[in-house]
Structure formats: structure tokens, C-alpha cells
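Protein chains: 2
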Amino acid sequence: MPDFKISILGGTGGPFEHSTQCFMIRPVRKEDSLDSICIDGGVGLGSIARMLQYNPENRTVDDFYGDETAAGQPVEKYMDEKLLPNIVKGFPKTLHNRLNGNIAQKAMNIYQHIGEYYITHPHMDHIAGMIINSPVIFEPAVLSKKQILGLPFTIESMEKYIFNDIIWPQLSSNLLGRLELKSLLDQEVHISETIPEWDIVPFKVYHGSKVADKNIDVSSSVYIITNNITNNTILICGDLETDHTGPNERKLLDQVWTYLAENVKLENLKAIIIECSNSASVDERRLFGHLSSNKLLDELQTLRNKYNNPQGLSNLHVIISHVKMVYEDKDPRLIILEELRTLGNKRSGLENITFSVAVQGYTFII
Amino acid sequence: MPDFKISILGGTGGPFEHSTQCFMIRPVRKEDSLDSICIDGGVGLGSIARMLQYNPENRTVDDFYGDETAAGQPVEKYMDEKLLPNIVKGFPKTLHNRLNGNIAQKAMNIYQHIGEYYITHPHMDHIAGMIINSPVIFEPAVLSKKQILGLPFTIESMEKYIFNDIIWPQLSSNLLGRLELKSLLDQEVHISETIPEWDIVPFKVYHGSKVADKNIDVSSSVYIITNNITNNTILICGDLETDHTGPNERKLLDQVWTYLAENVKLENLKAIIIECSNSASVDERRLFGHLSSNKLLDELQTLRNKYNNPQGLSNLHVIISHVKMVYEDKDPRLIILEELRTLGNKRSGLENITFSVAVQGYTFII
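Protein sequences appear in the order of chains A and B. Going by full-length UniProt numbering, the residue at position 222 of the first sequence is 222; the numbering climbs one at a time, nothing skipped. Going by full-length UniProt numbering, the residue at position 139 of the second sequence is 139; the numbering climbs one at a time, nothing skipped.
Source of the hints: derived by calculation from the structure; they are not laboratory data. Remember, it's a predicted structure, so these values are computed and weren't measured experimentally. No residue lacks a Cβ here, since even glycine has one placed at the ideal position from N, Cα and C. Incorrect hints may appear among the rest.
What the hints assert, rightly or not - If you anchor each label on the Cβ, the simulated ranges turn out as follows: (1) Gln311(A) with Lys160(B): 51 to 59 Å; (2) Leu176(B) with Lys346(A): 36 to 44 Å; (3) Leu99(B) with Asn315(A): 57 to 65 Å; (4) Asn97(A) with Leu99(B): 51 to 59 Å; (5) Asp298(B) with Asn97(A): 45 to 53 Å; (6) Lys145(A) with Asp67(B): 30 to 38 Å; (7) Asp67(B) with Arg347(A): 49 to 57 Å; (8) Leu34(B) with Lys265(A): 36 to 44 Å.
Using the sequences and the hints, build the whole thing.
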């Protein structure tokens, strides 16, 4: 039985500002509740409202790369066929059934029940929507309280550079009492207050270096979410790159793979949502803190070796996000998906991974 | 003859993140050029791409407040009938005709030719899209250079809090040489480098106070753009409120009205795009640095008095932006528009103002 409903409010790496990363997650076992958490907040309420307007039968993908008279690409192009039965256009019917009013009111009602935002890193494309939506916590008909959580480098940056009464009103003030910024501890289990059956463990990872000083690392996070009753687990990543290799550098992403292999049975690992910003054709020096399809396969190879399962990572669902929508004739997400499938097929133990794209506007039920 | 093509990439005051303020302006007299400037950058490339997909005949307004099976409200509800002949759904045909490739490529081509962003103030909903779009300046097929301009409080905040290698990579670095942050002088004429026939004058205005200390003012800007050949002029505002009245407070918005009355003939004042975030029903203590419909009418009355024209502000086009899309049964923009028309009709000299809404996805040719 599936455990997680993951709605892709946004899933690209820009530069289009309306589809940046935000994943809204609800538990399958609580059909009678709207409660959710989000991983990142690049977009939000605007995306929710558009999803509420979808015709669920129209299983196409908004895409700016096709024939402009076409109404979008069929979703089958973006999903592994094994995962197709697990996706819904927009939100599941059970959620629609619990909402009243017009689209704006319904969207605000869904927003009201987002209890926690887990932010991977404080880059604009992962926080902008969440910030712009935030005044809705004071909207009388849909009052709410929210936590914004992350590793200390994220939370301290949000306090200093965002909720500082200059870039945004200091709505996180204790005096207002509705928006709490809260630091998590690296690699320590945090129990979600919104969904208490979820254990959430953050891991710090590398995400390139500063423009102004190439010797200073930029950090990001990944989150491992485990249902503490069923042990079913998903891994959700923000931006990241492979581990740095200097003599004083720590292994970071490697620790994530070790943790999974040591703590999560392969059959409980329901999906990995991970960035793959670039095509394999992008020069290594131009990845700027991101993965490419070949680098992602290297990481999956590491995970495969740590599990050391005779069948390899058989039937693991890998869902890629944060593809950079570059100037191309063809949708870059389809280029990268093809690369992952072709190159993955040649790697021992990765042949039976399913690769799909975290397409904006769809819900994965896994 | 009209002078300005103003495309509303976004025109609300949130909380929906996909429609925040950005106005792209091109000169009517340069049909053979894509060159444009933007006032604010709440949204950008994503909005441009969607506008390129529009069917120009489908003159409806995306709206989350109507019947959810309806395809949007007719645009006539949002525009004064005198302005209707001057609006186009999406972009004018002359722009479409100059573009090649798929929608993504066309959108990046338009983006390439945005030479300058004039930012009214550094709040997230006025800058987020511009920041998230910014890596496209390095896209090989559509390389570009851009300036981000504003009064010192805006530019210094962007340097310190946004392009700081923490919230966003420091793409404004001189080493990269493509994105220049540039401070303007208050009330001094600045000649646009992108459109040299435009003189642009920024004015500092009030925009509430800090949450953490009610005694510290928050600032915003308005821009007066004048074609220095025809003298035709538009006033474009960001967020603002009426002047503060304390003994040590300066008159700010009042200086804007004085400047217009002293420097721009009423027949050359082609339009005022101004925020009207709130309905007249909102308590004065809950305006939080914004106008309401009655406050806006007070300001127009001041302008009317300064012009002291026997016909009042006859045929002046006032286009309202930044309406807060609150939890309501009816589109708040229509509520406020109705208030402005009803209350305006009762004020001497304001009866013949035309009131319209800066609806996302439309171009005003004025």
C-alpha cells in the first residue's frame, strides 16, 4: 500500500519562475485530513490554484518546447510506465471533495493546512513562493500557523536576509506568533508535528562554491522521510553536487547513501526524488553545484554498491527534478530522461531502476 | 498617437506568486526592435512564455474567483470602455512576428532584450522573478547584459541581501560583467540607455514601517517616464501609502503630484499605474503601507487640485495594480474597481477619470 502523496507544485531548476521547486506531501493513510508538509517553497499558492483548475482527464504536460499549437505533451513521455498507475493529474479526488468555495478559497484552504516547510537551502528559487504566500497566515477565514525548518545555514540565512523588514516584513516575529523559523540538527531524526508518523532526517550536502570566492563551499540539504509505522521511506533532495574531494573535505552525499543502506530496507525505499539539472553533455566545469545525468548515475551506482543487493536497485523509482530549462529545440527534461535510461541500462545493477520526471501539476502516490 | 506599450507580466499584490508586479514597457515608435525595460520584476520569463501561448481572440481574464468551470471573466469587466480599444491580449502581433523557435526560445529572446529593470523597492514580490530568471543572461544563444536600477535603498539592499552568494549567486559581480546594479538619484532625470528617448525620474515614497520597530519607515519608489521627443508621460508606482504626517516627516507623494502638475501638461499625462491594494472597507490601521480605494481618490484629488484644470482630471487613465487577492467570493479587483468608480463619481474633478485594472497578460498601448 502506498504511503506518500507527493504533489509537484513546481519541479524545474528555472529559469521560468512559475515552476521552481516545491513538493507538497500528504500521508495516504489520512484521507480525512488536508494536513501536509512541503519540501522547499519555490512556488506555492499560485500553483495550487492552477492545479485545482485542471481537468484530471487531460493528462498532458505544460511544456514550452513543443509545437505551440499543441496543448502539451502526453505525460507518458515523462514517466516510467511502471509508475504511470501511481500518478494523478492535479490533486487526488479525495482532496477536492474536502474543499468549498471558489478556486482562490479552495487554494487558501489547502495552504492553511501546510504545517511545515522543510527548506533544502536558502536560494531564491526554493523559497520565493513560500515568502510571497506568507501573508495568508493572517487571512481571517483561513488563519494558520506554520514552521519553516532547515539546517542552521538555511534558517539563519532566512532570518538575516529575508525576514529582515527589508526583503520581506518580519512576519517570523514572535510578537505575531504565526510563523516560526526552526533549525534542525544535521543527521538527527526530527518528528514532524504536522504528520507525527513521519520521521524526517536532514543531511547537509555540497552545492558548489561562491562566485566571489571559489574556496568557500555553498551547502544544501536532502531529507529522508520515513513513516515510523510502516518504515516506508522517501528521499527528497534539493540542489546538490557530488562530494568534494579535497584533503580536508568531508564525505556528505556518501553519508546519505550509507544511511539508507544501513537503515532502510530496499523494499521500503519507495522513491528518490533527486535533482538532475544538466545533460551529460554539459562540461564538468559548468555544472555550478549541480548534477548531470552521468553524475547522478555515479551516485546511484554508489547506492547500489552499498545495498549490495543481488538484483541491484531493482524497481527503485528515481524521479528527477530541477532540470534547467535551457534554450533548446526539445524539452531538456526529455533529453536528460533519455540519457538516464540509455546510460543507466549499461550499468550493472541500475538496469531496473525506473526513471521519471517530477512534472509540475502531478501527484505521485507511492 | 500612442507612445508606450505596457505589458502586464504581473499586476497583483499577491498572495499568488505567479502574478506579482512586473510591467514590461516598449516604445510604440520602435516596431522593429524588441528592446524593452521593466518596472519591477516580481515575475518574468514564465509569464512571458504563457502570454506567447495565448489566443489573442480569447479576451478573458484568468481569475480564481468565478465559477470554476468558467474559462475566466470577460476583460470588459476590468477595463474602462474608453481604454478597451487600447488593449491587446498577450503581446502585440508586431512582437510575435519578430520571434522564432518554440515558446521557450521566443520567451528567452524577449527576455534577452530587456535592457533595464527599474525596481521600486526590494520586497520579494517585486524582485523574485527577475532574480530567478537571471541565469539566462549567460545562455549562449541569447546572451545579454542588463542593468538593475533603483534608488540607493533598493540597490544597496539587493547587493547586501540578494546577490550575496547566499540567497542568490553573486551574478552582479564585475568579473562576470553582465549584470550591473546601479543606484539612481532621487528626483533626478535618468536617461534610459535601452530606450534613449525616455527620461526616467524616480521619486522616493512611503511604504509603511518595520514590523520590528514601528518608528522606522519603509520606503518605495515611483517612476515618471517621459518621451523626451513627444513629452508624453506615464507614472508607474510600486507599493506606496499616503504621506506620513509627523512633525519631522517629509512630504513625498505630494512632491510627485507637484512635479507632474509643474512639468507635464495634463494632455501629455497618458496614464497613471498605481497600487490600490485594499478595499475602502479595510480598517486604516490594517493598510500596512498600502493604499485603499478611498486613499487613492484622496491622492487623485490632490493631483486634481495641483493641476487646477477647469475640466478636472478629465479622461486621465488610472490603471490600478497590486490588489491583494484576499479570501473573497468575488474578485477583489472588481470590488475595488467598483468602489473607485462609485466614490470617484462623487468627487469634483474626478468624475471623468477612467479606472481600469492592470490585468496580467494584457498589453496597454497608450
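Each hint tested on the structure:
1. Gln311(A) with Lys160(B): 51 to 59 Å: Since the Cβ atoms of Gln311(A) and Lys160(B) sit about 53 Å apart, the hinted range of 51 to 59 Å holds.
2. Leu176(B) with Lys346(A): 36 to 44 Å: holds, 38 Å
3. Leu99(B) with Asn315(A): 57 to 65 Å: Violated, since Leu99(B) and Asn315(A) (Cβ atoms, about 44 Å apart) do not stay within the stated range.
4. Asn97(A) with Leu99(B): 51 to 59 Å: violated, 43 Å
5. Asp298(B) with Asn97(A): 45 to 53 Å: Roughly 47 Å apart at Cβ, these two residues keep to the hinted range, so it holds.
6. Lys145(A) with Asp67(B): 30 to 38 Å: The hint (30 to 38 Å, Cβ to Cβ) holds, given that Lys145(A) and Asp67(B) are roughly 32 Å apart.
7. Asp67(B) with Arg347(A): 49 to 57 Å: holds, 52 Å
8. Leu34(B) with Lys265(A): 36 to 44 Å: violated, 56 Å
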